[in-house]
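Peer 1: Sequence:
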Amino acid sequence: MAFIEAKEVKLQALLSNAQEAYRVPLYQRPYAWSRDQWEDLFEDLNSLKPSDVHFLGSIVVVPEGEHRLGVNYFQVVDGQQRLATILIWLSAIRNLAQENGNNELATHLTETFLFAREWESGKQRKIPKLQLGQLDNDAFQRVLEGKPKDYNHLIFECYEYFKNKTDNENMWQILLNNVSIVHINAFNHFNAFRLFETLNDRGLELSAADLIKNFLLMKVSSKEEIFNDTISQWNEMYEKVRDKEPVKFVRRYILSNYKGKISESRLYEGVRKRLEKENPEKICDFVKDLNVNATIYKKIFECSFSQNKINKKLQELHLVEVAPSFTLLLKILRYLEKGEISEEDILEIMEMIESFHIRWGVCGQSTSRLDQIYNDICMELKNKDKQPQKFKIIIKNKLLQEIKNNADDEIFKRNFSQRAFKPNETRTKYILWKLSKPTGETALNIKEIQTEHVLPQTLSNEWMKYLKERTSKNENEISALHKENLNRIGNLTIIKGEWNISMSNRLFIKKKEDYRKSEFQITKELSNYDEWTFEEIDKRSKQLAEEACKIWRLK
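When we follow the working numbering, the leftmost residue of the sequence shown carries the number 788, and every step to the right adds one.
The hints are simulated quantities; they were obtained by calculation from the structure and are not laboratory data.
Hints are supplied without guarantee of correctness; some may be wrong.
[Unchecked claim] Below, simulated DMTMM-like cross-link-like pairs (lysine to aspartate or glutamate); rule was C-alpha separation at most 25 angstroms, straight line: (1) K1185 with E1235; (2) K1086 with D1132; (3) K1224 with D1158; (4) K1221 with E1235; (5) K1234 with E1138; (6) K836 with E826; (7) K1173 with E1138; (8) K1260 with E1271; (9) K910 with E956; (10) K1086 with E1011; (11) K1173 with E1197.
[Said to hold, decoys possible] Simulated restraints on C-beta separations: (12) S834 with W906: 51 to 59 angstroms; (13) N1192 with E1271: 48 to 56 angstroms; (14) A819 with D1072: 26 to 34 angstroms.
Note that the coordinates shown come from a computational prediction; the quantities given were computed from them, not determined experimentally.
Even glycine gets a Cβ: it sits at the ideal position worked out from N, Cα and C.
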């Protein structure tokens, strides 16, 4: 038997066979075409001349075998979006014909193209020409039956679009007689998935997640029970991380469990290389483990573990922007969930991660190295899989070595006191908040905090005069020093609530009275200064650098 059987057919021939019907497999994505695709399709077909033929693309199908009631069912492995859209458009034309009193045409479209026919108890009954996945099928069947509901669903939006755009019921002839499609029978799922992959190699735009799913299902397609279990596990996993970028999650999982750095652009290739020789049982185990880790990943993002202290620390880590560390967090928090590592150890490790990232970022080290660092740690932990009580010391030693080489105390203090911080970054606000020495019970709401420049961003005439008198510098020199010192840590603090621009631009002697009333210690302490010039900024920057070195130290 051939690998595949492909033939170009008109939609009329594809849809008019009363003994053929199509189903979308459970593992396929929901209906996703939107107005952009609908408009493109409508414009392409609406402009056709009677002698023109429009090529719609292809559909890849796998036969399910002879239905017990005489209908041959095919699973649509690729092409469900265009096929569903065509049938929705035909339904809109059918309803238009009914409204115009052309019941003969309406009946013809319904019985010939929208439904197939099967026999039951000696009687013939209609079955939908296409059945979509669970999330879409109810809405889709209502459209086919001419009973679209008026509520928010993409299927109904599609129906309303074509109903409003189509003013000629004869459009059905163009749709069925002037549109061709390549019908590809792959005979089995293995062939279908192999074809799917080949189409991608030739330019079909698919996400890495689509390709990985396709590859995994191809590997298990020879065993139905394992195939169905793998689909179920994949779908569960995907739903957990759907709004958290599934590709990023899969990449973190691979970095956490397999040796070697891997980029998003090479993710599919990397997964395939690592799993190419595995049998169906091992592939299914891989997807099951992926699903378990998706639960952990979701909890990391949502800060929804059962331990409140863990969640509080996770919220703080998100502010520091430690995404590369999710590779490590995935691994160690799995042990926490299994009760094999203590909450205290996890909290200490999370403090280490925060200190490491603060130092790494302040010292301007390359973020591209972080994936390799965390992958190395995870591989070392993998070797100690039965001894999770040793994880903390392994992680500490590795991070300490990196800090010693790239962000030791002297390097850190120098960079911390001299660098220009980005005042609106959540990381900067968090650093200032921690420097304020909050008590353990103090809750942080980053949205309530604003970064305040003590020396304002724009120097008023009053400020210029003030600085000239106290520094013996001219205006050009002051402007240069202002630019150099504006975003140093010594010139920044945090305030809570409304603080308008006019207040920020006031002279220091007036602002310090408001600082005195602040709930933040770092801001309150500013009221102890008598003057505010570049000298005070430098002095305070160095003082805060000393404090930062104590706070973000790997203990």
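Peer 1: All hints are to be evaluated individually against the structure, with a verdict given for each.
Peer 2: Against the structure, the hints:
1. K1185 with E1235: With Cα atoms ~36 angstroms apart, K1185 and E1235 exceed 25 angstroms; violated.
2. K1086 with D1132: Answer holds: K1086 to D1132 is near 18 angstroms, not above 25 angstroms.
3. K1224 with D1158: Violated, at about 31 angstroms.
4. K1221 with E1235: holds, 15 angstroms
5. K1234 with E1138: With a Cα-Cα distance of about 23 angstroms, the restraint between K1234 and E1138 holds, given a limit of 25 angstroms.
6. K836 with E826: Measuring from Cα to Cα gives roughly 18 angstroms; hence the hint holds.
7. K1173 with E1138: holds, 24 angstroms
8. K1260 with E1271: holds, 15 angstroms
9. K910 with E956: violated, 32 angstroms
10. K1086 with E1011: violated, 32 angstroms
11. K1173 with E1197: violated, 38 angstroms
12. S834 with W906: 51 to 59 angstroms: violated, 42 angstroms
13. N1192 with E1271: 48 to 56 angstroms: violated, 29 angstroms
14. A819 with D1072: 26 to 34 angstroms: With a Cβ separation near 30 angstroms, A819 and D1072 satisfy 26 to 34 angstroms, so the hint holds.
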